[in-house]
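Protein chains in written order, with my numbering: chain A, 1 to 265; chain B, 1001 to 1265; chain C, 2001 to 2331; chain D, 3001 to 3331; chain E, 4001 to 4336; chain F, 5001 to 5336.
Worth double-checking, as some hints may not be accurate.
List of simulated lysine-lysine pairs, DSBU-like, C-alpha gap at most 35 Å [stated by the list, open to error]:
#1 C:Lys2282 / F:Lys5019
#2 B:Lys1010 / E:Lys4115
#3 B:Lys1081 / B:Lys1256
#4 C:Lys2049 / D:Lys3135
#5 D:Lys3266 / C:Lys2243
#6 D:Lys3274 / C:Lys2191
#7 B:Lys1100 / E:Lys4008
#8 D:Lys3006 / E:Lys4331
#9 F:Lys5115 / C:Lys2078
#10 B:Lys1069 / B:Lys1034
#11 F:Lys5115 / A:Lys100
#12 F:Lys5222 / C:Lys2282
#13 E:Lys4284 / E:Lys4008
#14 B:Lys1034 / E:Lys4082
#15 F:Lys5115 / C:Lys2274
#16 D:Lys3072 / E:Lys4137
#17 E:Lys4129 / E:Lys4222
#18 B:Lys1069 / E:Lys4117
#19 E:Lys4129 / E:Lys4302
#20 D:Lys3186 / C:Lys2012
#21 F:Lys5200 / C:Lys2012
#22 D:Lys3078 / A:Lys230
#23 C:Lys2006 / C:Lys2078
#24 F:Lys5022 / D:Lys3199
#25 C:Lys2012 / F:Lys5202
#26 F:Lys5019 / F:Lys5136
#27 D:Lys3078 / E:Lys4202
#28 E:Lys4284 / B:Lys1072
#29 E:Lys4082 / E:Lys4008
#30 D:Lys3202 / F:Lys5136
Only part of the chain C face toward chain F is listed, based on derived beta-carbon distances under 10 Å [claimed, not checked]:
#31 Leu2003
#32 Asp2004
#33 Val2005
#34 Arg2007
#35 Lys2019
#36 Val2020
#37 Arg2021
#38 Gly2067
#39 Lys2072
It is worth saying that the hints were derived from the structure and are not from the lab. As the structure is a prediction and not an experimental result, all values here were calculated from the model. Just so you know, even glycine gets a beta-carbon here, dropped at the ideal spot from N, CA and C.
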Amino acid sequence: MKLDNPYLPKAYKLLDIRQETEIDYTFRVETDIKPKFGQFVQVSLPRIGEAPISVSDYGDGWIDLTIRKIGKVTDEIHALKAGDNIFLRGPYGNGFNLDKFKGKHIVIAAGGTGLAPVKSLINYFYNNSDDVEELELLLGFRDPYNIMFQEDIKKWQKKFHTTITVDNACGIDGTCEGLITEYVKHIKLSDFHTMEVIIVGPPIMMEFTAKEFLQLGVPEDKIWVSFERKMSCAIGKCGHCKVDEVYVCLEGPVFKYSQAKELID
Amino acid sequence: MKLDNPYLPKAYKLLDIRQETEIDYTFRVETDIKPKFGQFVQVSLPRIGEAPISVSDYGDGWIDLTIRKIGKVTDEIHALKAGDNIFLRGPYGNGFNLDKFKGKHIVIAAGGTGLAPVKSLINYFYNNSDDVEELELLLGFRDPYNIMFQEDIKKWQKKFHTTITVDNACGIDGTCEGLITEYVKHIKLSDFHTMEVIIVGPPIMMEFTAKEFLQLGVPEDKIWVSFERKMSCAIGKCGHCKVDEVYVCLEGPVFKYSQAKELID
Amino acid sequence: MALDVKRGPVTKNAYRITKVRGKTALRIRVPGGHIESKHLILVNELAQKYGNGSVHLTTRQGFEVPGIDFNKIPEVNKMIRPLIEEIEIACGVEIENRDAGYPAAGTRNVSACIGNQVCPFANVDTTDLAVKMEKNIYPNNYHVKIAITGCPNDCIKAHTQDFGIIGISEPQLEYDYCIGCQACIKNCKAKVTGALTLKNGKVVRDERRCIGCGECVLKCPTGAWTRNPEKFYRVVIMGRTGKRNPRMATSFLEWVTEDTVLKVVKNTYDFVDKHIDKSLVKEHVGYIVDRAGYHAFKETALKGVELGPKAKVAKHLNFVGYQYERDENLK
Amino acid sequence: MALDVKRGPVTKNAYRITKVRGKTALRIRVPGGHIESKHLILVNELAQKYGNGSVHLTTRQGFEVPGIDFNKIPEVNKMIRPLIEEIEIACGVEIENRDAGYPAAGTRNVSACIGNQVCPFANVDTTDLAVKMEKNIYPNNYHVKIAITGCPNDCIKAHTQDFGIIGISEPQLEYDYCIGCQACIKNCKAKVTGALTLKNGKVVRDERRCIGCGECVLKCPTGAWTRNPEKFYRVVIMGRTGKRNPRMATSFLEWVTEDTVLKVVKNTYDFVDKHIDKSLVKEHVGYIVDRAGYHAFKETALKGVELGPKAKVAKHLNFVGYQYERDENLK
Amino acid sequence: MSIKVNNKDFNVFLDELSKKYKIFAPIRLEKRGRLSDTDMIRYGEIKQVEDIVWDEKSTFSPKEVFQPITQTLFYFTEDEYKEPKIDDKKIIVFLRPCDINGVRRHDTIFLKNGKIKDNYYKQIRSKIKFVMIECKKSFENCFCVSMDSNVTDDYAMAVRFKKGSALLEIKDESLNKTFTENNIKGETVEFTPEYVQENKVKVTPPDVDKMPQGIYKHEMWKEYSTRCIACGRCNTACITCTCFTTSDLFYDDNKNVGERRRVWDGCQIDGFTDMAGGHSFREKHGEKMRFKTMHKVYDYNKRFGEHMCVGCGRCDDICPEYISFSNCINKVTDIV
Amino acid sequence: MSIKVNNKDFNVFLDELSKKYKIFAPIRLEKRGRLSDTDMIRYGEIKQVEDIVWDEKSTFSPKEVFQPITQTLFYFTEDEYKEPKIDDKKIIVFLRPCDINGVRRHDTIFLKNGKIKDNYYKQIRSKIKFVMIECKKSFENCFCVSMDSNVTDDYAMAVRFKKGSALLEIKDESLNKTFTENNIKGETVEFTPEYVQENKVKVTPPDVDKMPQGIYKHEMWKEYSTRCIACGRCNTACITCTCFTTSDLFYDDNKNVGERRRVWDGCQIDGFTDMAGGHSFREKHGEKMRFKTMHKVYDYNKRFGEHMCVGCGRCDDICPEYISFSNCINKVTDIV
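All chains, please: the whole structure from these sequences, using the hints.
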């Protein structure tokens, strides 16, 4: 099998499955794929189909895939057990360019599953805290039992100023009521040109949160968003992810807000 | 009630009912009506209707009506008992003009109920045998139990040469098989102009029997027939009995064959 | 400039999208299928000039002139102005712009048998009622099929229509004129429901059995049977052919007058307006009644209608028909 | 000389006895309701010269010109010679005396929807078949009603005819062309019998459920569905309206070819000839079949017919309809 | 004397007359015609001249005035007969010459055929006064001239109707008296009624003496067997048809009470020739046609010296099968 | 060199070619058109020149030759993937200039959009030789001139068809070799193919630089929401539409064996924008129309420097709702 077939997924072993929330599980896969922060892979199950999944974390010889059970393919993945084969191809997408963030005052606002694509980046700064001037986390979840990566969050809370919001009733100590957007104004801001703001989550959440930052004067090209898109080929051929002249699978999924706001479905 | 209403029937007492055959009964009615031979009366039952019936016999203060049970009115008459009222009007029709027959060699061929209209005439000759030169009777019946006026016939047989035919099997001694028509040729004929032939019965029987006599040379105006007609008014008004320009109830029912043969229904 | 045709307005202008690319076909309304023959000249000129020289007599007794170019529609509309004026406007239909052709096409041509101007059996002037009905309901784009037939022989196939309007007569007997000839009795026995019997030499009519076909009047030699001059109608509704559940229209009203018929049909448009499923391209009124229910229909249909003493109204609708698929009705 | 008109020959010459004393009406046959528009000129002249200036588009898509004097019939017959030649004889009908008008009228005008010359839904050229059918059965005086419709929408109301001939298509799938867009599946589910389902991204057709309407072919964006070029027909028979027992025609044959249709109808005339009750003025073929029995009919109708592999024949006829009188059928 | 009256005065005259007379004339029954949306014109009682339809031929003849379609002969109450009461009011009938001549046929049958007179007919007939509607222009199917029934002087009064007025020639004394006594305004004029001189339809009735016996079985009648449907309309419309059938009935509610009545009948009406016992004759409709035709233009003439048919043409007007009786007579004549 | 060959010799040439090439051209499928009794003209393999329909525009473009409507990517047998066998025969396609220009769009997307090349496309595309059908006369809805796709020299051979013969301009050496080696009779002539100079339909595509952001929410798209029924025929007919959807399936008879395949898709086809979890966007058909139009005459151009639409007019030919895409482009340009 010549390897120049970009559509051909490779089989990798499933090391471990951890439950994050009722419908989100993290699958640790043994793989030689070396993704950058914010990139995604096409997860394949023979005879079922393919789905684009952000890499939530990675390490030496493994990657983590946090997958929500919402579709034909994801349902089948959730039926897998450790030791089963899972087929991957990728990594795809631009992801977060680390240089753009090193030494910056970074604010990361993540909504629900939006936390997955940025978890690896946060862990990097956790492990290389001097690479960042300051890191502030604003994590919003719909309800208490939907809070993901609770150990990591506990870890992060020690080093970074972390605000966790839950749309309705409070749960874990220190979590606050209401939508993320309400808490943006409490974020300590510094000189804008040293700042980088990353917002990842459902489209409406990203739109309103970005608006909040803009109101605080944060310039558009200082805000980064990541588009969860319906993909099929993930290599710029099938046309599903195209918005205007932009192929999200090629130029995205991470975009500056200045460009993102013009990408109208 | 002015008596000049020709349609108005009068009530007369029913004296006696004699059964002639299975379906023919003779009803003797006490009446002042004085019919001539071969005339008929309109018999009426209130609320049922009227029917033309030949007078089969008559005497002082009574007349005989031999009625076959074949219709709405006749059925009801058959349900009457002696002493009941029966309504009559008449007599109607020309009947047999006695003078035409006195002193003649008379042959009477009667089929089935055709015997009724001529019974009174035969009885007259029986009682006044010198008024006739010779009288020959040819009486045909469909089957043995349909032979009527058996006592009279026995009486007649003594005085006159009587042949009784029964369409199929023989019954009473002296009866012969076959239709009347077959026996016409045995009739003793004499000089035609002294002869008078009377044929009364169902239309087909009269037609064929007359043909037989014609073959024997009997002149047309020497043969008399009597038309059993559907009548309603019996006084030449309702049109039911009209054939060509002839009103059978007025000019008939007795006709010479010469005229009768042209009366086509 | 390539053909860029808004299909909606074209269809509503009584032009059909045809199989031949770029060609349309004009459907000319002929209420009751009855027309002054002089209009035939115009129809021919239309077919020669803009069409393909052929004309179709439609299943609903109108004309269809195929083979017309889309861009010729405005010209054709101008050319058929006489038809708009002398047929539609003459019926009392209000049409402002007389050069713009037909203002609507949803409500199909009101078809009708030739009626009592020509046919001896007809109990009503179907052409006259068709004209009144056209004024009553046109222009309108709801998909409703109305047909009028002069007697229960139903040559117009009222039983396949949304509104099948059947002209009936109430035969009235002049007792003394009847001579008991039984011509009417034998005819009714052989060809209709045997609603006539003889009693004491006179005919007797069983009102419940009589379906008002009026044939006894035709048969009577003495004019003992004559028609009640007032015109009556039987209205059968919601019949259809089609690919799912062809069914025969069923009796809704019997022995009702002309203005009841007109009002009921008029009201039905309000019913459709209220209940139609806007999401569909078009919804046939039969299906709306199925969905919204007969009682909702009856209520709206009979609003403001005074039913005469003889009138009968269906308590519920029971249809006879068949379903191509057993579960056609189970969604 | 007072009017002394033999009604039989007049009726057989396609002139109707009308309500107006002394006036008759000519019924002009228009097989399939399709005609060259130039004939309209003649029809108009006819109506102006001999009729009353009006013309009726009949329920069977012919013309009726009312108001013609009986004694003018010979002249009218001469005048309609062009119609006899260019419509009837052009269909292949043999008519010796072309100046004597129509040789028969019992068999009604073969009506047909506009068919696949114009209507996108039609599966067959109904006009063409109507012409062939006219040649096949005309002239004939048996009371038979034949209608041809291009698809199971049945606009011609085939379900009310003696012979309702419904054009159907056998859709054939080019597996590789199907992109699973489900346009055909959704349409079939909503508007027909839901005979199409999706399996592994490709459409699957349930042959027994499919009624051959051909709409999947219309909906398919890639041309995966195309029609088997061979024309197929479904024949529903013995439907009727009327005063005793209106009923819908029921399936006799499905998936049969054109010549089978023509032969079956032709044979039916022999069946009628053998079984008709001569004592009646006229007897509608539906009633003859009721009396003589479906099996006798089937035997005669299918004589010399080779049914194709796909053909289906009804084992027995079950009608849906209703009876005005419960005992209509009990004599 | 002849007078010109305008309608108002004519009505006054009619009013006066209606005190002693029941006045019958052709009237229009809106939409009561046999065919939908057509009117029926037949004889009925009138109040004023506007009720009279004088410009159209009546569908049914005046026969029903003097020979009611249904006539009760007796009431039975148990065994006792009772003749119906007699309405003593006299009768005036507006009718045309052909009808007046037609009445003579009824007189012949009901009063002169055979010794016995029909008392019921006599009762009504004796109270009738004819008012002749002047008939100058023949209608479509009339052939009264051929049957020389276009003229008559047997009338009490003649009238020429005009728009809004009328010319009256009053011959009858009592009518004159009613007119003058009530000094009804009228302008004496010269008025003698004119008569139809010519019909479109020409008929030559057969020569009664040369009628061949073969006519009865002649080929020509076969055609009518295929055409005639024996619906009886020619009999009921005909002014000279006199046949009837008598029948008894008892009232539903009490079997003992009933009546004997007679109703119009006719040789072209089904059942006319049914005999007790189910047997019937002249079943073929062609035979019925032959019987009627021979009766109208031969039998009656042979018996009474004038043709029965007066050529009013109502049979031709009404035959649904468009059989022309006038034409049939000519055919018979051709054969003779 | 250019040669004139009669059809017989042309067929000999085709015969030779078919040893190494699969030859595709527009062919007529009798009565297989979407509407009853119409023919379908689409691309199929041909044996001889008579099979080629050269005087009518094909309903579907040659796209299906190099981008099969259904293309199997892998077979799964249990957990093991297998690429489908590759047919090593080369391909010759008879097509018109607009289609040749159209193929360039496919090359751009499948071979130049993003770093990774589509191997499946590459396999087929590399084996294709174009034979240009000379197209001098524009068809009804063509606007190739406006989209400057009426001319091309990117062809191995050009052909002008005539009745019974053809003029060939063979540029490709191997084709020349095949021609000469088999000494196919042909008369050398002067023949340079001509091109359509003018279309009935004039289109001015919008100026890419001056496109206002408001165009997306512009009023004009509302009209199309009421007109477009999202049937997808414009996508499937379009020579430059490249979108597809991949899906897996397993065979009925064995759940462990299946394949991954991709099929044509398009923004105007229902379901194109359905996301896992049932959420969807661009649901209004007007929005789909806007997405397609912007892609054809703006997005693609902004990204690759030439308009995606080549003006072949097939979308206008086939739209059942008679929506003219060419007219829509002009509307956008009017707004810009």
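Hint check results:
| no. | hint | result |
| --- | --- | --- |
| 1 | C:Lys2282 / F:Lys5019 | violated (55 Å) |
| 2 | B:Lys1010 / E:Lys4115 | holds (20 Å) |
| 3 | B:Lys1081 / B:Lys1256 | violated (38 Å) |
| 4 | C:Lys2049 / D:Lys3135 | holds (31 Å) |
| 5 | D:Lys3266 / C:Lys2243 | holds (28 Å) |
| 6 | D:Lys3274 / C:Lys2191 | holds (23 Å) |
| 7 | B:Lys1100 / E:Lys4008 | violated (70 Å) |
| 8 | D:Lys3006 / E:Lys4331 | holds (15 Å) |
| 9 | F:Lys5115 / C:Lys2078 | violated (61 Å) |
| 10 | B:Lys1069 / B:Lys1034 | holds (25 Å) |
| 11 | F:Lys5115 / A:Lys100 | holds (23 Å) |
| 12 | F:Lys5222 / C:Lys2282 | holds (20 Å) |
| 13 | E:Lys4284 / E:Lys4008 | violated (54 Å) |
| 14 | B:Lys1034 / E:Lys4082 | holds (25 Å) |
| 15 | F:Lys5115 / C:Lys2274 | violated (58 Å) |
| 16 | D:Lys3072 / E:Lys4137 | holds (24 Å) |
| 17 | E:Lys4129 / E:Lys4222 | violated (43 Å) |
| 18 | B:Lys1069 / E:Lys4117 | holds (32 Å) |
| 19 | E:Lys4129 / E:Lys4302 | holds (29 Å) |
| 20 | D:Lys3186 / C:Lys2012 | holds (26 Å) |
| 21 | F:Lys5200 / C:Lys2012 | holds (29 Å) |
| 22 | D:Lys3078 / A:Lys230 | violated (76 Å) |
| 23 | C:Lys2006 / C:Lys2078 | holds (19 Å) |
| 24 | F:Lys5022 / D:Lys3199 | holds (31 Å) |
| 25 | C:Lys2012 / F:Lys5202 | holds (29 Å) |
| 26 | F:Lys5019 / F:Lys5136 | holds (31 Å) |
| 27 | D:Lys3078 / E:Lys4202 | holds (29 Å) |
| 28 | E:Lys4284 / B:Lys1072 | holds (25 Å) |
| 29 | E:Lys4082 / E:Lys4008 | violated (44 Å) |
| 30 | D:Lys3202 / F:Lys5136 | violated (40 Å) |
| 31 | Leu2003 | holds (6 Å) |
| 32 | Asp2004 | holds (3 Å) |
| 33 | Val2005 | holds (4 Å) |
| 34 | Arg2007 | holds (5 Å) |
| 35 | Lys2019 | holds (4 Å) |
| 36 | Val2020 | holds (9 Å) |
| 37 | Arg2021 | holds (7 Å) |
| 38 | Gly2067 | violated (15 Å) |
| 39 | Lys2072 | violated (15 Å) |
The earlier numbered hints that this structure contradicts are 1, 3, 7, 9, 13, 15, 17, 22, 29, 30, 38, 39.
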